[in-house]
Amino acid sequence: DQQVKQNSPSLSVQEGRISILNCDYTNSMFDYFLWYKKYPAEGPTFLISISSIKDKNEDGRFTVFLNKSAKHLSLHIVPSQPGDSAVYFCAASVASFGNEKLTFGTGTRLTIIP
Amino acid sequence: DSGVTQTPKHLITATGQRVTLRCSPRSGDLSVYWYQQSLDQGLQFLIQYYNGEERAKGNILERFSAQQFPDLHSELNLSSLELGDSALYFCASSVAGEPYGYTFGSGTRLTVV
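Residue numbers (this note's numbering), protein chains in the order written: chain A, 968 to 1081; chain B, 39 to 151.
Certain hints may be false.
[Stated by the list, open to error] Quick list of in silico lysine-lysine cross-link-like pairs, BS3-like style, CA-CA up to 25 Å:
#1 Lys972/A - Lys1004/A
#2 Lys47/B - Lys972/A
#3 Lys1038/A - Lys972/A
#4 Lys1035/A - Lys1021/A
#5 Lys1038/A - Lys1004/A
#6 Lys1021/A - Lys47/B
Please keep in mind that the hints were generated in silico from the structure rather than gathered at the bench.
Please construct the entire structure, taking both the sequences and the accompanying hints into account.
Now the structure itself:
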């Protein structure tokens, strides 16, 4: 049972344009959401997160939007740069002490076209 | 360098064999997590240790086991290896009690032939 889903395995975007990566979840207990970025031959690195008490969190070029009623979140990258080419994983957790397990989606490979 | 160290980086072994993957967490992190990433799959949670004790278990096969030692490093033992066990195995660590994301190591690529 895939509780966190990223339905687009890949996405190509022109440099300078907006990249939008989507993620859906099924477990209504999830209350903390994160995006990770992964380059080849490296481990995933934390990018941005959002708590369920918010619907938007911004950090520079990266913004995450959360729609709890739709159980959907998205990552916006504006403007997209060549260095953003990577695999992006959406992850979710239940924010309780002792249960920091993250459930990951299958990832979306983003390619920025110069 | 993320501060989480995994060794070895690459491992090639035959079916039926046993291997041990090692992870040293970031300084001060008490929790260690193991994840498996198979081809075209997401990161599948295997197991979590907190300060030497097992805290949570995911889709970990009975042939796999892990432990966390007093110095907080962790080992993942994979036995009776099958071709399907070929994957990237990631270790991550975090400050306990905060679901604010982990720091991952660069992974061990296991190839079973």
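Here is what the structure says about each hint:
| no. | hint | result |
| --- | --- | --- |
| 1 | Lys972/A - Lys1004/A | 16 Å, holds |
| 2 | Lys47/B - Lys972/A | 29 Å, violated |
| 3 | Lys1038/A - Lys972/A | 11 Å, holds |
| 4 | Lys1035/A - Lys1021/A | 9 Å, holds |
| 5 | Lys1038/A - Lys1004/A | 21 Å, holds |
| 6 | Lys1021/A - Lys47/B | 39 Å, violated |
Of the hints listed earlier, those the structure fails to meet are numbers 2, 6, in rising order.
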